[in-house]
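Trainee: Residues per chain, in single letters:
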Amino acid sequence: MSLRSLLEKELHWSSRNALILVFLLLLLPAFFAGTSALFQDAVPRSVPVAVVAEDDAVTESDIEIIEGGLASFTDPERVDSRAEADRMLERESVYAIVGVPDDITTAGESAEFTLVVDGSVVPFLSSSRVIASLTETELDQLLAADITVEREIVGEEKQLPEYLYPSFLMVLVIFFAFTYVPYNIKNESVVLDRLRVETSLESVVLAKLVFFTILLLFPIVVFHAGSLYYGYEVASLAPGAVLALLLTFLLLATVSTTIMILSRFSGVGLFVNVTLMLGIVALSALAFPIGFFSALRTTVAQALPTYYTMVITRSIMLKGSEIAMFTEWYAATVGLIVLAGLALEGSIVYYRRRS
Amino acid sequence: MTERIELDDVTREYSSVVAVDGISLSIGDGQFHCLLGPNGSGKSTLFRLILGLTRPSSGTVSLPSAVIGCGFQRPNFYPGLTVRENINVFAGVVGAEDWEWNNRVVKELRLVRALDRKAGELSGGFARKLDLTLALIKKPDFLLLDEPLGALDDVSTARFLEFVDEYVDRGNTVFVSTHRVTAFEPYVDRVTVVHEGEVVFDRATGEIDLDSEQSLQEYYVEQVLDREGVSPANRPPIE
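Protein chains in written order, with my numbering: chain A, 1 to 355; chain B, 1 to 239.
Okay, chain A solo, but in the shape it has when bound (with noise of 0.2 Å):
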């Protein structure tokens, strides 16, 4: 019988591409299962803040008292000055800043504490709210002082396009790096061989990241263009934010170009790469802050290079922060740049061995 047939060739081919099968099938829902579980809240409950003496009178053990009150809803840290604390804001470190006045613990005297928030992170303004509402009964209730507490915006005040402009274009940048680049890198490996003896990998590998990468220039254009057509306030353009999603595509088409030729040009290495973007864009934290999600899933999302690109394009692109804010995090993007093109070329000659 023809189906039978049919099915027992199914069932051939499928036992020659178990590797994939197995990505599809079992790594893939199991990674979706898992990372579903990394979404935790709905208002953030560990969302980190600096804790700032607002006057030279404030005592440690004031401080002490407020991390304490704070640490039921938020991330509490101690920062030593205001500028510092500033600086945090500005590099996403931290979401919000608590302002200690002194005199907390004096009866009958009152207390206004700020709640510094920055008006370009969209979604956190209305769980700073919360959160300065939530501070006030809690510190009311934990203080002998009456207790209020005042939210303040710093920065322009954002819209939650403007917001989001940022993180599509980031997706944007690692959607090309995990799929354009591997397919048309799996297309051309049917003229390897000839590339081979005329030419080399390093050589055809290097000319392909480097024009990708320029390539890439022109969806950051047409955003820019998208962002004047509706009047968004966003610096698609700002030289620093480009640099940083250049570098980080060319980090990502690195790594992408490695595992295509660490497969040798198979399809697993399509499904491993699309795999790995799939993960990068759910664990980069690139449209919520970090603080919306699990103590794990903000673990994860710091050790991803993409989640400190999200931030610099962002604070580059809606706040018009300074390139020297960021420089070790463009330093070290550079690093893993080399990293990565040091693997890259570990896979060449790996390949070249295999041949």
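Computed, partial: chain A to chain B, Cβ under 7 Å:
(1) V191
(2) V197
(3) S355
Output of the computed footprint for chain A on chain B, the stretches with three or more beta carbons under 8 Å from beta carbons of chain A:
(4) 51-62
(5) 76-87
Listed below are the simulated DSS-like cross-link pairs for lysine-lysine, each with C-alpha atoms no more than 25 Å apart in a straight line:
(6) A:K186 with B:K118
(7) A:K208 with B:K118
(8) B:K107 with B:K139
(9) B:K118 with B:K107
(10) A:K208 with A:K186
Rather than coming from a laboratory, the hints here were simulated on the basis of the structure. Glycine residues also receive a C-beta, built at the ideal position from the N, C-alpha and C atoms.
Start from chain A and add chain B according to the hints.
Mentor: Chain B in isolation, oriented as in the chain A frame:
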């Protein structure tokens, strides 16, 4: 650095299969050299070893400093580009900027009509011609071709062989891997027959003792069948 391509006791194993088994070979002297052997005899592996696409399990492959060009059994070019774009790209890659020569190669290989066609959509014959063109544009001192006549029509075969013969006359070495030597017989200077990864014989054509009316193809098949122990009575006629 040698002025010839030298293989010294080269072996290449794939898992438990020995594709090339201790072969020593010298290629050069402006000869038209044919590597003959049945399917699976190790010709293509030998070819890839010479090109550095495969590493020998043991032994050494020494290459001259001269320019080496190659045509592949499975045509190798960018399928997404046109024929013209492929030629331009590889001319740039290998520094083949003599466009008078490049145009002549295109003309001799009867590729002019296909210049603006997408390479991935070419017929087998045109794909072969493009691959041969890419091998020739750099004017190689050593031209290595793996089954170069596959899918070529008779007219194109005749013109290509005339062109290659003239190329050899200029002092270049042509090394062709094939399982059918008939078309090459009038031009070939040296024949190396391989079987099951080993050299059966390696001689100049003048040193091969052919019976009257016997072709080189018949002689080669006879040698291989002898090695396989097939009795003369059971041998099919050779075309």
